[in-house]
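Protein chains in written order, with this note's numbering: chain U, 11 to 376; chain D, 423 to 817.
What the hints contain is simulated information worked out from the structure, not anything from laboratory work. Careful, some of the hints might be misleading.
[Stated by the list, open to error] Facing chain U, a subset of chain D residues (Cβ under 7 Å, in silico):
(1) CYS564
(2) GLU567
(3) TYR729
(4) SER761
[Said to hold, decoys possible] Chain U is nowhere near these chain D residues, computed Cβ spacing over 12 Å in every case:
(5) THR434
(6) LYS436
(7) ALA446
(8) PRO452
(9) ARG485
(10) GLU581
(11) ASP598
(12) LEU613
(13) ARG622
(14) HIS624
(15) MET637
(16) THR783
(17) ILE789
(18) GLU791
(19) PHE799
(20) MET808
Idealized CB from N, CA, C, for every residue including glycine.
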Amino acid sequence: MEYSEAVERMTEIVRDPHAPLRAKRVGGSEAAGYFCSYVPVELIHAAGFTPVRMLLGPPPGDAAGAFMQPFCCSFARSLLEGLADGTYDYLSAVIMPHTCDTIRNLSDLVETAAPGTRVMCLMVPTITHTPEAVDFMTEELAALKIALEAVAGRGVGESGLRESIALYNRCRSALAGLREANPGNRLLYAAYLALQLTGPEEFLDLIEPLEPGEERAGTKRVAVVGGPLPLLEVFDLLEEYGMSVVWDDICTASRFAAGMVGEHADPLRALAERYLGRRPCPTKLDPTNRREESLIEGVRASGAEGVVFAQQAFCEFHSFDYPGLKKRLDAEGIPSVRLDLEHPFQPTGQMKTRLQALSEMLSEGV
Amino acid sequence: MARRLKLPCEETMKEVMTAYYTEAFTSDRPKAWVTSGAPVELLLAADVIPIFPENYGAMIGARHMGGDLCSAAGDLGFDDCVCSYARCTIASTARGEGPLGALPAPDLLLACNNGCGTMFKWYEVLSRRFDVPLLFFDTPYCAGEPTPQDRAYLVRQLERILSDLGDILGREVDRDKLWETLQISSDTAKLWVEIQELRRAHPSPLNSPDMFLHMAIIVTLRGTDTAYRYYQDMLAQVRERVERGEGAVENERYRLLWDHIPPWYALRDFFDFCAEQGACFAVDTYTNVWQGEFDLARPLESLAECYQMVMPNLRLPLRASMYVDYIRDYDIDGFVIHSNHSCKSYCLGEYEIARRITAETGVRGVILEADMVDPKFYSEAQIKQMITAFLESLD
């Protein structure tokens, strides 16, 4: 398969993940939705469900407005809208982790706004680096496993879980290879998203036969930092300004995909260790400032010359981190811009001006 | 202008708080900045002076310094979706401004996320700003009784915090002193609950703005003899007021529930406006957060449970049932919910809670959009208009 065809097929998955999953359900294959990259997809898959990352519902409307204040991010409001209006009616369960304050509260609202939705809460510890946090996460995963087994009507055996772990590790390796090939923003970020919106088997069928194509290294190498970023239009917009994304700290891209799960240890503990051990997202305690250090290391290692912060408007957790990260980038002489995103995405004049300014700085070799 | 009845103990309160801040600013003892929902008893037992930036945020708001300081935080890169307590105190630190200048620099920080996730983000910023260690107590969201994994996780964290605290201070935390502090804290919380329960009287002896004032000591000094003695006196004085049939609001006509932190900059203006119309807030959710009795037979387990199971850390059905109980127990005619721009944790779910209260009790309410410290989200004319219309609808 050539890049152009892969772009088309993966973009289609991102554009409408629901229709194929609904069709699969008719055929007897069930799916379970999940919020946030701290939910182990391997466990959902091993229980017999296609894990579907809940990334974008319809634009927030009356249903969301009846339950959530307008100062909550449009990402969360959109998902509540989608659960209420039936966009996600094919899901057998929805797994909601305890991450930010908004998503935590949303888990309670879903049960009223979308009656009949089977919500499973996963208490992800805010601390990620201590033995007691790993033990707690392992116990929480054991509880989630029991809940999933009850819905699936079958047990999750250790060997089955190991197989799912191995399968997702293969997917992650394939994504790492694709990034190395530098296929351009659209294909790379569509591929990250596609793995979260379809089964790993289908994903490997798409990505493994991919012929190495022409590198699409933009002249301006940038890093992107943010939370969930399911909007391919944002990456296209960067490309319009000649920017190629060579590194990211995005929870729907490399923060989702980086880091393998150990295949030889106790599988639930291996999952807990991998998911907590990753570069932390802003909802996790970061006592050693790993986010800042990894940003600087990532920028240097990838040769990025500038940074684009692309975060959800009203995201308090990212907004807390932003001044420190920005200050450090300034101190290192790395230019950056910030885009505050809302759903539906409208590239505003201000965004374009900021990107133009960054683009010009990069051209000048700042 | 509505008259506000003062309790005699208010004079003591001024002395106590002055002495507390004087010591915090002048003492050589180690100081910790601590979130209002963190287990401050650990610090007191370790002879560390606790300093509460949230209290200071409230002071900044009440002294009408919030607008300038929040704007200054914007200049530092913190946008409006960040908690205004965090914004104003970060700016106060950076600029050396505030009701008492900048708070004294901490030697360590203690944060807990039982109120919101904001707390640890705010304290991370402070930890980097002051280059001091951050001790953090992670309390999982609670659906009722803590799960076995919750209990183990919480107690192991407390053991780790005690050990880290000992390492930072260069001396072990005296466990006997800790148990003694827990006992005092628990006894003080009992007094606070008794005072709250006296508000059920008709007319109510205390209005919510009174509680916002008197809560300063339970937040800041719980676990000390000073706090215990203060609330003993206050309890006696409130009892006398009930026996005299004296209401906090003259000619109490409406008994209301207040939800959330108040807009501190409008405290007098807003609550006086309500009182002038005979509205007394006989109960509020916010000052009821400081409850919890410890079981000294299993001190750390009990400490963990109490701090995990505070109202904002409970799942929505539990929270909603607490509101319904307040409506019934305090014979409430209507409720006023502050949809606080700064606080997603406490606010998200308010719309649904309002519906559940009305469905279960028939009591109606109004939701006001504002912020606790940043006045730019407060529209005085609009809010007063809403309150007037709401009170009229209760007749």
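Checked hints:
Hint status for CYS564(D) relative to chain U: violated, with the closest Cβ pair at about 9 Å, above 7 Å. For GLU567(D), the shortest C-beta to C-beta distance to chain U is roughly 14 Å, which exceeds 7 Å, and the interface hint is violated. For TYR729(D), the shortest C-beta to C-beta distance to chain U is roughly 14 Å, which exceeds 7 Å, and the interface hint is violated. With its C-beta approaching chain U no nearer than about 6 Å, SER761(D) sits inside the 7 Å limit, and its interface hint holds.
Every Cβ of chain U is farther than 12 Å from the Cβ of THR434(D); the closest lies at roughly 37 Å, confirming the non-interface assignment. Every CB of chain U lies more than 12 Å from the CB of LYS436(D), the least distance being 35 Å, so the non-interface label holds. No Cβ of chain U comes within 12 Å of the Cβ of ALA446(D); the nearest lies about 25 Å off, and the non-interface call holds. The beta carbon of PRO452(D) sits about 19 Å from the closest Cβ of chain U, which is more than 12 Å, so the claim that it is off the interface holds.
The Cβ of ARG485(D) lies farther than 12 Å from every Cβ of chain U, with a closest approach of about 25 Å, so its non-interface assignment holds. Not every CB of chain U is more than 12 Å from the CB of GLU581(D) (nearest about 9 Å), against its label as outside the interface. Taking the minimum C-beta to C-beta distance to chain U, about 25 Å, the non-interface status of ASP598(D) holds against the 12 Å cut. With 12 Å as the threshold on Cβ separation, the claim that LEU613(D) sits away from chain U holds: the shortest Cβ distance comes to roughly 31 Å.
Taking the minimum C-beta to C-beta distance to chain U, about 29 Å, the non-interface status of ARG622(D) holds against the 12 Å cut. Consistency note on HIS624(D): stated as away from chain U, and its beta-carbon is indeed over 12 Å from all of that chain's, at 34 Å minimum. Even its closest Cβ contact with chain U, about 23 Å, leaves MET637(D) beyond 12 Å, as expected for a residue assigned away from the interface. Taking the minimum C-beta to C-beta distance to chain U, about 18 Å, the non-interface status of THR783(D) holds against the 12 Å cut.
Some Cβ of chain U comes within 12 Å of the Cβ of ILE789(D); the nearest lies about 9 Å off, and the non-interface call is violated. Not every beta carbon of chain U lies more than 12 Å from that of GLU791(D), the smallest distance being close to 8 Å; the non-interface claim is violated. With a closest Cβ-Cβ approach of about 9 Å to chain U, PHE799(D) is found to fall inside the 12 Å limit, against its non-interface label. Every CB of chain U lies more than 12 Å from the CB of MET808(D), the least distance being 16 Å, so the non-interface label holds.
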